[in-house]
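Trainee: Residues per chain are reported as follows:
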Amino acid sequence: MSTNSTSSNNSNISPKKQVLVIDDEEGIRESLKLILADEFPMILTNDGEQGLDCLANNHQNIGIVLLDIKMPNDNGLHVLEEIKTKYPDLKVIIITGYKSVETANEAVRLGAAGYIVKPFKSDEILATVRKNLTENAR
Amino acid sequence: MFNLNPFAISGLLIIVTYFPLFLFILTKGKTKVARIFSLHILAVFCWGLGAFLNGINTNPDISINLWKFAYASVTLIPVFLYHAVILMTRRKALLEMILIYSQAIYFLFMLAIDKMIPGNYYLLNSIYWMTGSSLYIYSCIAWGIIASTAHLKLLAYYKKCYPKEKRQISALIFAIIGFVGGANNFLPGLGIKIYPYGNFLVPIHSMLVTYAILKHQLLDIHFVFKKGIIYTALLILISSIYLSLVLGFEKILQGHFNYHSTLTSIIAAFFIGILFFPLRNRVQALVDKYFFKRSPSEIAAENLMLRREVAEKEKFKAVSTLASGLSHEIKNPLTAITTFAEFLPDKLNDKEFLRKFARIVGNEAGRINNLVEQLNDFAKPAAPKPEKTNIHQLLNDTLDFLNSKFIHNRVEVVKNFIPEDLILNVDPNLIRQAVLNIILNALDAMPSGGTLTIETKWAKIIAPGTDHQTDQRSSVSKKQSAIICVRDTGVGINKKDLKNIFDPFFTKKDEGTGLGLAVTQGIMEDHGGQIKIESTVEVGTSVILEFDLK
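Chains W and E, in that order, are what the protein sequence lines are. Numbering-wise, the numbering used here puts 114 at position 114 of the first sequence, and it's gapless, one number per residue. Numbering-wise, the numbering used here puts 1383 at position 383 of the second sequence, and it's gapless, one number per residue.
Next up, chain E with everything else stripped away, as it sits in the complex (with noise of 0.2 angstroms):
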């Protein structure tokens, strides 16, 4: 009938552990040695049905087959593991992989025709156990001795290879415990009559295993995890440990004290229960810790890194709006200069030919290097470095890189500038990413074509927290800031998304990232000015970016 020992128990802990893990592996490894590993896994988990089969099987007449399709399981446990080993570790031993394997393919052969296993007996009373035969000696020292070797060449490798890969493999070296565990069982079968308690340290292979493919990819594989799938998993695994020793434990006391008390089990379980709650907190505090949680600074670095990268993917897609620009501004020289070095064999003798030939090709290669040098200063992933810069020459030189998109959106820019040069220290490059992802926004806002008016102008600040008093004319000794206005004549923001707009990720485009007003509001920052946004839907919008001159 049905025997629930611990042993049983501890194969059915291998089955909710292994299975899982088999199917993770199996689906998530793109590699050779995610697929070699997986094989390795699926034979732990054969070994654990079998255990647990055999562990409730009451019929001896049965218990041989069992017995032969957990140790066959048992024998392949090595064997992919040893390959997948030399596959982590780049080596090339195939006069070792065909020894494993032949070693294996015997033993299983002999396993089939009897040889191994002949026969079984009843184990302090609650196993039926199989009888080793002379050979089953020799394929356990086999055993251990490909065990123990694939773990001293993970402990080999660790030695040489890099941190990320140390961090995998001292995990896999760890697990050995679930081997230790596991030798356990092959006392009996050698006729040394011991409980085999140390299958219960096979499942912290397992768990050892999946900790290093979840926090450091082991086998390459990147899961991103949510809090709430781990809590999940946790309390999956918690309740069938729990259930497993509730079971164990009114199993122990009826197997050896003969004891029938449902009152007991269920005291039983309660007391289990309260040594379980706290371990379930705290085993998810250390989840938390581990995979979750950081330190404030870790945290303040993070986002540091994250600053940056979001600053940096806009320059790349200000560089590469720029870089469309160039190549079409750069055409016009180039044309010139082919179109001349293509007469010149002609052409002599040619004195006004060569003069001109002097002047325009001089002056459009002067061009072309002058259009490269702007991209390339653009481009430097330098600090910021505010230097006295020429507001309507960068203007004029943005607005010429975006010439031909003007052109394709069907939008007339309208310059308003002050007649006066405008200089700010600023740094020119941060200002043209901050004016370039504004004028983008804007041409996104006029599908079907509009007007694009930039302005600059003087603004004298009356009071805090009030309005400015804009004046084209006056001097800029005055205490005042300068304001660059860019307005176009778009669908406009809706004042719901008009509060969220400076946000990071907040879009409502397509394609969009969310990040440029978020950049350029802190590309302002940086120069201690300021940006404004004024909106109405179906009339248009206004980017004000204001630069205080105290």
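One chain only, chain W, in its complex shape (with noise of 0.2 angstroms):
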């Protein structure tokens, strides 16, 4: 699991909310790193288990979750249905290859905030966390 603190100055937003990523490829996860770490503070996880762990510990801070669905360990999909289980107000963006309508619908219905398709463009993963933690802080 690694951190990064960068505070974001969109007056908007809370300063405290942090972006949770649970993706089990490094290449996404630093993908994902550089294109919201100047703007929102990160945790990168490996897998669901250190997610949950990391969101058991500090789940107050973290404002988004941006979880993968094919893990080599986990189904994303048990993994988004604990979470919301356990902190229904917490949002979770979908972001996985697997384009599929049954696959979205199963996500939407468990929950999910949003469902991007990879490879995914820069603008749109920041448009989907910026719209996620605005919300959240209204």
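Hints listed in this document are in silico derivations from the structure and should not be mistaken for laboratory results. Just so you know, even glycine gets a beta-carbon here, dropped at the ideal spot from N, CA and C. Where hints are given, some of them may not hold.
[Stated by the list, open to error] In the DMTMM-like style, the derived pairs of lysine to aspartate or glutamate whose C-alpha atoms are separated by at most 20 angstroms in a straight line are:
id, chain 1, residue 1, chain 2, residue 2
1, W, K33, W, D123
2, E, K1356, W, D38
3, W, K17, W, D53
4, W, K86, W, E106
5, E, K1405, W, E102
6, E, K1347, W, E39
7, W, K121, E, D1400
8, E, K1385, E, E1525
9, E, K1405, W, E106
10, W, K84, W, D47
11, E, K1331, W, E124
12, W, K86, W, D47
13, W, K33, E, E1342
14, E, K1356, E, E1373
15, E, K1331, E, E1373
16, E, K1331, W, D38
17, E, K1331, W, D123
18, E, K1028, E, E1250
19, E, K1356, W, E26
20, E, K1030, E, E1165
21, E, K1532, E, D1497
22, E, K1415, E, D1400
23, E, K1347, W, D38
24, E, K1153, E, E1165
25, W, K33, E, D1350
26, E, K1405, W, D24
27, E, K1385, E, D1548
28, W, K33, E, E1352
29, E, K1356, W, D24
[Said to hold, decoys possible] Facing chain W, according to a computed beta carbon distance under 8 angstroms, are these residues of chain E, among others:
id, residue
30, Y1158
31, K1331
32, P1333
33, T1335
34, T1339
35, L1344
36, S1404
37, I1407
38, H1408
Build the complex: two chains, separate frames, hints provided.
Mentor: Right, here's the structure in full:
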């Protein structure tokens, strides 16, 4: 797990709220960090277990979770279900390479706030995170 | 009244052979050449109808009109043939076409205004036949020139066309015999009083055309026919000829010898029938030989080709599945590469970024390369090439490719591998295909999700025909076989279906080919191994791939 505590300059967003990334792919974690770290403090984790540990210790400071569906030891949808059971108000965005209406529907049914398909655009990630954290701050 | 003479019978034969042929070409032919050729066949049919009506006609007053109809059809026969030949040989011949159609229109016009057939006469006390004018002589010459030129063009094209076209066109060239027979009908119109027996040769033309269509796809008509259809058609044709001969024989007896006897007719019919019986068998044998029968070596070659086709088809299906998995797998490295490339211009002076860039982009590009190489290796249409293969690695790679499918189908994967590496001398691509087929079947068997267990183990053979003693820890050096077991918790297979499970084309799936397990079995046989299936309905299925290590 790695953290980045760069604070935000955006006055609409609480400076304490962090972005939690749960993805087994280093390339994806580092890509999300590149896109978001200038604006938001970030926590990067490799799998569902680490992500849930992080939330257990620090959920009040986390504003949004970016969650991969396909991970070697986890099914992201199970992780999503667990997060929404424990922290129903926490925003979770699914990021996946698997473009399927059924999976998207399932993710929304389980409470995901959004569904982004890889390969994503940096603007798309930034806009989604900004929108969800702004809504949280209101 | 009714006068069924040999000429009328020959007309009847033309009707019964050309009308079905016309309908067949009209409905099955999709090309322009087929449409024009169908007009040619229609023209011959109309001639047959005219000949039949003239043959049975006993009224001299209506004879002229019947002959006008028949001769109009005759005029058009070589015109449509010539047009079809021009299209078939892919020649541009606008001027020729204008000339050919113009002469036909001219002669038809002259026929309509009674300049062609001024009268008739009673030919050999049998038929009211037309008498031709001097214009009629020119139209006969034009007819002969056009028909001959069309066949000469076919002959010239035959020499330079492809083998398949050669076979199609050779039948059409031989069909000239129908034209030669038909040309015989011009003679009585010129005052030469011979009986028009040549008209019996006309249907040979239709038979040769039909043969060329069915056997060699003339006019690009592809017709898959069953033996029963052909035999029925033959029976109808032979019965028609038989009936025509009996009636013709009876008429000859009555006409030439003025002899009337029902008993003689019955005896004649009986003897003609005796002659026809072996003919029917003979024709049936010929049809078998030319359309259905293959020599043992031809059958073997055809089977081999079909097996290869089946294997390729299944492989293509497997490659498609792998390609779909690949497109998913490639998205992760692609995302990282595009994101890092996007930020590169702004971070050229950021040393930490550049270090990460070099490492992550390099690694991710390598991953893409590996994925593509794997698919490429698999797609190669190569003969089986056994090599030392790490089976666990192969299974893991295959499962990775299918990960998105597991998520989609809510299938949990459990791996239960022996602790040491399982190295077998197999063709990795073929074994990957076999495993893939089995896993895809397992996924289909679990539409509402379930558990897929992949297991590897050693099995010690106790005695032939008995069960194995499996041991996950024993050493490889013993006389053993290696086992890959794929177990699902799906709907299972009932005992009745289990018997047919390896039969090609046996499938219970709506979109299945029924070839997956047949191909998998073939792959295992090629490796000296075997495949077994154990299944319980509503519990699940285990597929066991066993590799003998001897």
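Trainee: Each of the hints needs a verdict: does it hold here or not?
Mentor: Against the structure, the hints come out as follows:
1. The suggested pairing of W/K33 with W/D123 holds, with an alpha-carbon distance near 13 angstroms, which does not exceed 20 angstroms.
2. Restraint check for E/K1356 and W/D38: satisfied, since their Cα atoms lie roughly 17 angstroms apart, inside the 20 angstroms limit.
3. Simply put, W/K17 and W/D53 have alpha-carbon atoms about 17 angstroms apart, close enough for the 20 angstroms limit, and the pair holds.
4. Taking the CA atoms of W/K86 and W/E106, the gap is near 18 angstroms; set against the 20 angstroms cutoff, the hint holds.
5. A distance of roughly 12 angstroms separates the Cα atoms of E/K1405 and W/E102; the hinted pair therefore holds under the 20 angstroms criterion.
6. For the given pair, E/K1347 sits about 16 angstroms from W/E39 by alpha-carbon distance, which is consistent with the 20 angstroms threshold.
7. Proximity of W/K121 to E/D1400 is assessed by CA-CA distance (about 25 angstroms); at most 20 angstroms being required, the pair is judged violated.
8. A distance of roughly 14 angstroms separates the Cα atoms of E/K1385 and E/E1525; the hinted pair therefore holds under the 20 angstroms criterion.
9. A distance of roughly 15 angstroms separates the Cα atoms of E/K1405 and W/E106; the hinted pair therefore holds under the 20 angstroms criterion.
10. The suggested pairing of W/K84 with W/D47 holds, with an alpha-carbon distance near 17 angstroms, which does not exceed 20 angstroms.
11. A threshold of 20 angstroms between alpha carbons decides the hint, and for E/K1331 with W/E124 the separation of about 16 angstroms falls inside it, so the pair holds.
12. The suggested pairing of W/K86 with W/D47 holds, with an alpha-carbon distance near 17 angstroms, which does not exceed 20 angstroms.
13. Among the hinted pairs, W/K33 with E/E1342 is consistent with the structure: their alpha-carbon atoms are about 13 angstroms apart, no more than 20 angstroms.
14. Between the alpha carbons of E/K1356 and E/E1373 the distance comes to roughly 25 angstroms, so the proposed pair goes past 20 angstroms and is violated.
15. Only pairs whose Cα atoms come within 20 angstroms are accepted, and E/K1331 paired with E/E1373 is accepted, the gap being roughly 16 angstroms.
16. For the given pair, E/K1331 sits about 25 angstroms from W/D38 by alpha-carbon distance, which is inconsistent with the 20 angstroms threshold.
17. The straight-line distance between the Cα atoms of E/K1331 and W/D123 is roughly 18 angstroms, inside the 20 angstroms bound, and the hint therefore holds.
18. In summary, the hint linking E/K1028 to E/E1250 is not supported, as the alpha carbons are separated by about 39 angstroms, beyond the 20 angstroms threshold.
19. For a cut-off of 20 angstroms, the pair hint linking E/K1356 to W/E26 stands: about 11 angstroms separates their Cα positions.
20. For a cut-off of 20 angstroms, the pair hint linking E/K1030 to E/E1165 stands: about 17 angstroms separates their Cα positions.
21. For a cut-off of 20 angstroms, the pair hint linking E/K1532 to E/D1497 stands: about 14 angstroms separates their Cα positions.
22. A distance of roughly 12 angstroms separates the Cα atoms of E/K1415 and E/D1400; the hinted pair therefore holds under the 20 angstroms criterion.
23. Distance check on the hinted pair: E/K1347 and W/D38 sit about 13 angstroms apart at the alpha-carbon level, within 20 angstroms; holds.
24. Annotation: proposed proximity of E/K1153 to E/E1165 holds, straight-line Cα distance about 14 angstroms (limit 20 angstroms).
25. Only pairs whose Cα atoms come within 20 angstroms are accepted, and W/K33 paired with E/D1350 is accepted, the gap being roughly 15 angstroms.
26. For a cut-off of 20 angstroms, the pair hint linking E/K1405 to W/D24 stands: about 18 angstroms separates their Cα positions.
27. Annotation: proposed proximity of E/K1385 to E/D1548 holds, straight-line Cα distance about 17 angstroms (limit 20 angstroms).
28. At most 20 angstroms may separate the alpha-carbon atoms for a hinted pair to count; W/K33 and E/E1352 meet this at roughly 13 angstroms.
29. The hinted pair formed by E/K1356 and W/D24 meets the criterion: a straight-line CA distance of about 17 angstroms does not exceed 20 angstroms.
30. Hint on E/Y1158 is violated. Least Cβ distance to chain W is approximately 56 angstroms, over the 8 angstroms limit.
31. With 8 angstroms as the threshold, the beta carbon of E/K1331 comes within range of chain W, its nearest partner Cβ sitting at about 3 angstroms, so the hint holds.
32. Annotation: E/P1333 was flagged as interfacial toward chain W, and the flag holds, the nearest CB pair being 6 angstroms apart, inside 8 angstroms.
33. Interface hint status for E/T1335: upheld, as the beta-carbon distance to the closest one in chain W is roughly 4 angstroms, under 8 angstroms.
34. A hinted interface residue such as E/T1339 counts as satisfied when its beta carbon comes closer than 8 angstroms to some beta carbon of chain W; here the least separation is about 4 angstroms, so the hint holds.
35. Hint status for E/L1344: violated, given a least beta-carbon distance of 10 angstroms to chain W, over 8 angstroms.
36. Look at E/S1404: its Cβ gets to within about 5 angstroms of chain W, closer than 8 angstroms, so that hint holds up.
37. Below 8 angstroms, beta-carbon pairs count as interface contacts, and E/I1407 has one with chain W at about 6 angstroms; its hint therefore holds.
38. Interface hint at E/H1408: satisfied, since its Cβ lies 6 angstroms from the closest Cβ of chain W, which is below the 8 angstroms cut-off.
Consistency note: the structure conflicts with the earlier hints numbered 7, 14, 16, 18, 30 and 35.
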